[in-house]
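There are 2 protein chains.
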Amino acid sequence: MNKNTYYSEEVHGPYQVFDLGDFVLEKGDTIRGCKLAYKTVGELNVAKDNVILVPTWYSGTHQIIEQVYVGKGRALDPEKYFIIIINQIGNGLSSSPHEAMFPQQGGNFPEVQISDDVRAQHQLLTEEFSIEQIALVMGGSMGAQQTYEWAIRYPDMVKRAAPIAGTAKVTTHNFLFTQLMIDSITSDPAWHNGWYGASTDVHLGLSRLAKLFAMMGWSHQFFKQERWLALGFSSMSDFITGFMVGYFGLMDPNNLLSMARKWQRGDVSHNRDGDLSEVLAQIKAKTYVLAIEGDLMFPPDDCETEHLLIPDSEYRVIQTTDGHFALFGTDSNYLNQVDKYLNELLSS
Amino acid sequence: MNKNTYYSEEVHGPYQVFDLGDFVLEKGDTIRGCKLAYKTVGELNVAKDNVILVPTWYSGTHQIIEQVYVGKGRALDPEKYFIIIINQIGNGLSSSPHEAMFPQQGGNFPEVQISDDVRAQHQLLTEEFSIEQIALVMGGSMGAQQTYEWAIRYPDMVKRAAPIAGTAKVTTHNFLFTQLMIDSITSDPAWHNGWYGASTDVHLGLSRLAKLFAMMGWSHQFFKQERWLALGFSSMSDFITGFMVGYFGLMDPNNLLSMARKWQRGDVSHNRDGDLSEVLAQIKAKTYVLAIEGDLMFPPDDCETEHLLIPDSEYRVIQTTDGHFALFGTDSNYLNQVDKYLNELLSS
Numbered sequence: 000m001n002k003n004t005y006y007s008e009e010v011h012g013p014y015q016v017f018d019l020g021d022f023v024l025e026k027g028d029t030i031r032g033c034k035l036a037y038k039t040v041g042e043l044n045v046a047k048d049n050v051i052l053v054p055t056w057y058s059g060t061h062q063i064i065e066q067v068y069v070g071k072g073r074a075l076d077p078e079k080y081f082i083i084i085i086n087q088i089g090n091g092l093s094s095s096p097h098e099a100m101f102p103q104q105g106g107n108f109p110e111v112q113i114s115d116d117v118r119a120q121h122q123l124l125t126e127e128f129s130i131e132q133i134a135l136v137m138g139g140s141m142g143a144q145q146t147y148e149w150a151i152r153y154p155d156m157v158k159r160a161a162p163i164a165g166t167a168k169v170t171t172h173n174f175l176f177t178q179l180m181i182d183s184i185t186s187d188p189a190w191h192n193g194w195y196g197a198s199t200d201v202h203l204g205l206s207r208l209a210k211l212f213a214m215m216g217w218s219h220q221f222f223k224q225e226r227w228l229a230l231g232f233s234s235m236s237d238f239i240t241g242f243m244v245g246y247f248g249l250m251d252p253n254n255l256l257s258m259a260r261k262w263q264r265g266d267v268s269h270n271r272d273g274d275l276s277e278v279l280a281q282i283k284a285k286t287y288v289l290a291i292e293g294d295l296m297f298p299p300d301d302c303e304t305e306h307l308l309i310p311d312s313e314y315r316v317i318q319t320t321d322g323h324f325a326l327f328g329t330d331s332n333y334l335n336q337v338d339k340y341l342n343e344l345l346s347s
Numbered sequence: 000m001n002k003n004t005y006y007s008e009e010v011h012g013p014y015q016v017f018d019l020g021d022f023v024l025e026k027g028d029t030i031r032g033c034k035l036a037y038k039t040v041g042e043l044n045v046a047k048d049n050v051i052l053v054p055t056w057y058s059g060t061h062q063i064i065e066q067v068y069v070g071k072g073r074a075l076d077p078e079k080y081f082i083i084i085i086n087q088i089g090n091g092l093s094s095s096p097h098e099a100m101f102p103q104q105g106g107n108f109p110e111v112q113i114s115d116d117v118r119a120q121h122q123l124l125t126e127e128f129s130i131e132q133i134a135l136v137m138g139g140s141m142g143a144q145q146t147y148e149w150a151i152r153y154p155d156m157v158k159r160a161a162p163i164a165g166t167a168k169v170t171t172h173n174f175l176f177t178q179l180m181i182d183s184i185t186s187d188p189a190w191h192n193g194w195y196g197a198s199t200d201v202h203l204g205l206s207r208l209a210k211l212f213a214m215m216g217w218s219h220q221f222f223k224q225e226r227w228l229a230l231g232f233s234s235m236s237d238f239i240t241g242f243m244v245g246y247f248g249l250m251d252p253n254n255l256l257s258m259a260r261k262w263q264r265g266d267v268s269h270n271r272d273g274d275l276s277e278v279l280a281q282i283k284a285k286t287y288v289l290a291i292e293g294d295l296m297f298p299p300d301d302c303e304t305e306h307l308l309i310p311d312s313e314y315r316v317i318q319t320t321d322g323h324f325a326l327f328g329t330d331s332n333y334l335n336q337v338d339k340y341l342n343e344l345l346s347s
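Chains A and B supply the protein sequences, listed in that same order.
Just so we're aligned, residue 0 is where the first sequence starts under numbering that gives the first Met the number 0, counting upward by one.
Just so we're aligned, residue 0 is where the second sequence starts under numbering that gives the first Met the number 0, counting upward by one.
For the record, the hints were derived by calculation from the structure and aren't laboratory data.
Treat the hints with care, as some may be off.
Computed list of lysine-lysine pairs in DSS-like fashion (alpha-carbon distance at most 30 Å, straight line) [as the list claims (entries may be wrong)]:
#1 A:K79 x A:K158
#2 B:K223 x A:K168
#3 B:K339 x B:K158
#4 B:K26 x A:K223
#5 B:K168 x A:K223
#6 B:K223 x A:K283
#7 B:K223 x A:K285
#8 B:K158 x B:K34
#9 A:K26 x B:K223
#10 A:K47 x A:K158
#11 B:K285 x A:K223
#12 A:K223 x B:K223
#13 A:K34 x A:K47
#14 B:K223 x B:K339
#15 A:K223 x B:K283
Beta-carbon label-pair distances, calculated as ranges [said to hold, decoys possible]:
#16 B:T185 x A:G106: 22 to 28 Å
#17 A:N332 x B:K223: 25 to 31 Å
#18 B:L307 x A:N332: 23 to 29 Å
#19 B:K339 x A:D272: 46 to 52 Å
#20 B:T185 x A:G196: 19 to 25 Å
#21 A:G106 x B:D272: 53 to 59 Å
#22 A:E343 x B:D272: 50 to 56 Å
#23 A:S268 x B:T185: 35 to 41 Å
#24 B:T185 x A:E8: 35 to 41 Å
#25 B:D155 x A:L228: 36 to 42 Å
#26 B:F101 x A:T185: 35 to 41 Å
Stretch by stretch, here's where chain B covers chain A in the computed footprint (C-beta under 8 Å, at least three residues) [unchecked claim]:
#27 172 to 183
#28 219 to 232
#29 291 to 301
In this text, all values refer to a predicted model and were calculated from it rather than measured experimentally.
Idealized CB from N, CA, C, for every residue including glycine.
With these hints in hand, go ahead and build the complete structure from the sequences.
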């Protein structure tokens, strides 16, 4: 077990833990002592019909979701809703390579699928809270992958769904991006097939990952407008080091690989009868497919293609300078539009 | 000197060589025995006013330029024009790290700038052919960088200019892309700071470069439409290996790095009085700034920004599914539009 103080309540704020015991994964392996770290905000009402579920994106935790999306007067208003933010497996707070028990730690951590997360989250909601319906599942990027899986796996439970800047099935272009993500770490000799000492031994690989995400996560307009100045950085170089390497450089390489491989295999039509169009047609939730202008990883056109396959779906493109990483809340215009569309959806 | 049979007339077809002797570079180093490999098509007329100059893009040679852009009935018609295609320094046919004489070979090859290429090309045109005016300079990507430098350095010589899918000054986003290009090779331990044995020793780095270019060189639409099927490949994976690795995998890593660093520093306002707007304002050539729809490396918006700074300039966006690598001639619609716009420009 690698000690990594980044994955702690000191850094990410308090959370609760749901113990799944031995959790059998879709591909047949078992995570021994599997745990989901989650945070709830607001109160579950008596009818248990005010639940909003938010799964996390790649490398994100409950903390940034709460800070950016939850608040009084916001669409995710804790005075109205019981908001459950669940950390995905592999993100460092839920069960992850860096903290798994021998002999499943590090390079031995089993391969996890989006569907595994969703099944585990379903156990948490039903066993811990006896929740039978969800007013809204929403999530960005890998959170959108989980949102789609929720809407398809539990169609009678999910009343509304808002996948943001993500797809139900990974596109070939996005698959290639995740391969470059994986390569950026595994090409570092210090990675040693997952058997490094400290996570920072792999700093060159982590820095390459940070640069790759900088290029694809922010939009062309973000660079053109030198948005790093508004974010408090003096140059692109200062931004790459101070923000991007500052973000990824503290994380555990095996954790990042576990999530990247999960992302890369994301496909709701996998292991189901029918192709993508037939599977998306099964969604019963009122759905808002939200895309982000200038998103190089999940371009609006790819989101719209899936929207057209969902029976009760609306499609909105959020205008912003920041591209995919507008998800981080760097642009207040983005947040205003997200709230507007989520409010529309929640009042429907 | 590394032997690399890829860089040969057997592979790239016949070419001529212009000997510059000891060529002093902008940064002060000297390439000893500097040579430019070039090919001419058509005949120089008596007035010497039918010259079209085409510098090469990153990793390209005279061969693909001739095959894709030159032909009877095309805009670059050898029955009307004397077409000179000049291989850029570092591309493996002109002076390059892989074949330089001791002690300048490999990792010791001096740093070359876009302006060095253009000064060397100017010597070739004036000393070998006594050319005093150029009807058209055109080039794609790094060829566009050289085209801009030509129009600014020799404003009275260049009558028309057509930079395609490239910029006069590298953008911050593009700078980051070139850094990832560089990192993809230099992160391979087999690169050994440039002192590898055979170029194929660095095959992991070259494969990463190939994947990076696949992601950024083709457009989202190219992937969405699975254009590799039309190009004779059975899947994306088959295309990445068969086409992209097949292309870069034979090249010399130090050559690729030399060109990448030249690209990264491309900036016509460097070492000149004034900022980019003042320098572009000096262009006297009738200019057609041609951008390519869906180009992730040089998005049309970046090209248009520079177009607006050039006194006598027209701006056209070429419609294609293929993005930046439409330059390769994979889409006949692209070629028809290029010819149309070049014909407009040549008849002006």
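Output the numbers, in ascending order, of every earlier hint that fails for this structure.
-> none
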